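Respectively, the protein sequence lines represent chains A and B. Per the working numbering, the first sequence starts with residue 1, numbered consecutively. Per the working numbering, the second sequence starts with residue 1001, numbered consecutively.
Note that these hints are calculated values from the structure, not bench results. None of the values given here were measured: they were computed from a predicted structure. Among these hints, one or two may not hold up.
The following label-pair restraints were derived from C-beta to C-beta distances [stated by the list, open to error]:
(1) A:7 - B:1242: 56 to 62 angstroms
(2) A:11 - B:1165: 29 to 35 angstroms
(3) A:1 - B:1151: 54 to 60 angstroms
(4) B:1004 - A:232: 50 to 56 angstroms
(5) B:1041 - A:128: 29 to 35 angstroms
(6) B:1150 - A:17: 42 to 48 angstroms
(7) A:184 - B:1073: 31 to 37 angstroms
By construction, the Cβ of each residue, glycine as well, lies at the ideal position given by its N, Cα and C atoms.
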Amino acid sequence: MHLQVENVSKKFGAGRSSKLVLDGINFTVKAGEFVALVGSSGSGKSTIMRLVAGLDRPTAGEILVNGVPVRAPGSDRGMVFQKYSLYPWLSAANNVAFGMKLQGRSERDVRERTAYFLEVVGLADAGRRMPRELSGGMQQRVAIARALAAEPQMLLLDEPFGALDIQIRESMQEFLHQLWKRTGLTALLITHDLEEALLLANQVHILAPRPGRIVRSVTVDLEQSPMAHLRVSRPFLELREELAQYLRSFDSAMVT
Amino acid sequence: MGRSWLRHPWVLGSTSVAFVVFLWWAITASGAVNSLFLPSPAAVWAAGQQQVQTGLLWKDLTASVGRVFGGFALSAIVALPLGMAMGSSRVICRLLEPLIGLLRYMPAPAFIPLLIIYFGLGELPKVLLIFIGTLFFNTLMIMDAVKFVPNELIETALTLGGRQPQVLIRVIAPYIAPQVIDAYRINMASAWNLVIVAELVAATEGLGKRISLAQRFLRTDEIFLGLILIGLIGLIIDLGFRLLLRRSCSWAN
């Protein structure tokens, strides 16, 4: 898996009322990498995600997956949305099985993989429960299992924990980090939370708003377990504070 | 908790019905109103028994119910794909919405003369009247339901490798199922209205026909009987739809 985003711009609307949302975005995600895009609202980060997923088309530039331009959504790029996107009429297990059934896998294959991925996200016993009977964190874990079960080459995470309480968010970050280490998945994460990006990703791109553009890229090589220790370690906090100040400078520039 | 029995949904509802029946009985028993205008409950019951014995009741009932189900089933079957197509395709929606918007404001009973000219006095014009009278409402309500399917649910299916027809069948259809059942439940009421109107105009049997005949002979007891039966059958159908909704779409409650 090799994702290349090359000089991508996106304009909404046409003529005088058109609005430039993304301006010349460049970055790559290689196999096994965890890349995060961080920005405040208005930085067009969700738009980038939609373009990579193939749900929208760029106005200029190109997005390539293994050298092939993205034209439409596909199961090679599994997506997890911020808002709970579980199918409310399907049990947790059937939600996980959903994508595999679309792909026409054999019944036995679907059953085995469903059980496996429910296990992976720690919900082996919750397969029969309906989405409304699950907590927000559990629902997101089912959504992640569903995306993984469809065997994507890359996981697109659009503020996956944005709607969760802080404690649950922290445990979900730990969960996702462990999952990444264990399965070697390739991931692109969109978040407004700098801490989350630095904890999870090994490559962080900072987006400035209006129009959205990458203003700084950081390679993170802070490895410390458990994550709770990393959160409060000095190098981590220093990096986080420095980048936070940098991000704020764009917000204040906007106010004046 | 002494009043917990009051909370049962049937208790208060049947109380109001019983009160109206009691009032009806009290007025007729007091002799304040001429029984020609207001027959007693007993007289209506007797009229009902007589119609059961002669077999008229069964004949009228099956005729009316048959027309309603025939016309409404046709409307439901056509409205489902039509509404789904309009809800999921902007082109089809723009193509058809003005037309349907116009047609649905033409009162269906106004089509009766035309239908009689085209198809005579048989079953077909009555079934078609119910079809025309409910098709557009069913279609528009299904279209609206499709438009409100959350985008995330559709896009999730697409990013899982789903194709457009799969999205329609595996995401949109199950999501709108409860609203479709509810739309049918609501529009079934107009189907009942229409069958009675059609039978008042031209029919040889049916609950509406019985009422119009009863008027000619001043048989208000039979008119009351017909009205009560129409109400009861409507109520039963409504409850049937609610039961179907609860059984088949428990996730939506």
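Taking 54 to 60 angstroms as the stated bounds, is the beta-carbon spacing between residue 1 of chain A and residue 1151 of chain B within them? 26 angstroms, violated
Taking the CB of residue 184 of chain A and the CB of residue 1073 of chain B, does the distance hold inside 31 to 37 angstroms? 55 angstroms, violated
Kindly confirm whether 56 to 62 angstroms is satisfied by the beta carbon distance between residue 7 of chain A and residue 1242 of chain B. 58 angstroms, holds
Lying within 42 to 48 angstroms: is that true of the beta-carbon distance residue 1150 of chain B to residue 17 of chain A? 27 angstroms, violated
Could you see if the CB distance from residue 1041 of chain B to residue 128 of chain A stays within 29 to 35 angstroms? Cβ of residue 1041 of chain B to Cβ of residue 128 of chain A: about 52 angstroms, so the range 29 to 35 angstroms is violated.
Cβ-Cβ distance between residue 1004 of chain B and residue 232 of chain A: within 50 to 56 angstroms? 55 angstroms, holds
Can the suggested window of 29 to 35 angstroms be confirmed for the beta-carbon pair residue 11 of chain A and residue 1165 of chain B? Hint holds: Cβ distance 32 angstroms, inside 29 to 35 angstroms.
Checked against the numbered hints given earlier, the structure breaks hints 3, 5, 6 and 7 and satisfies all the rest.
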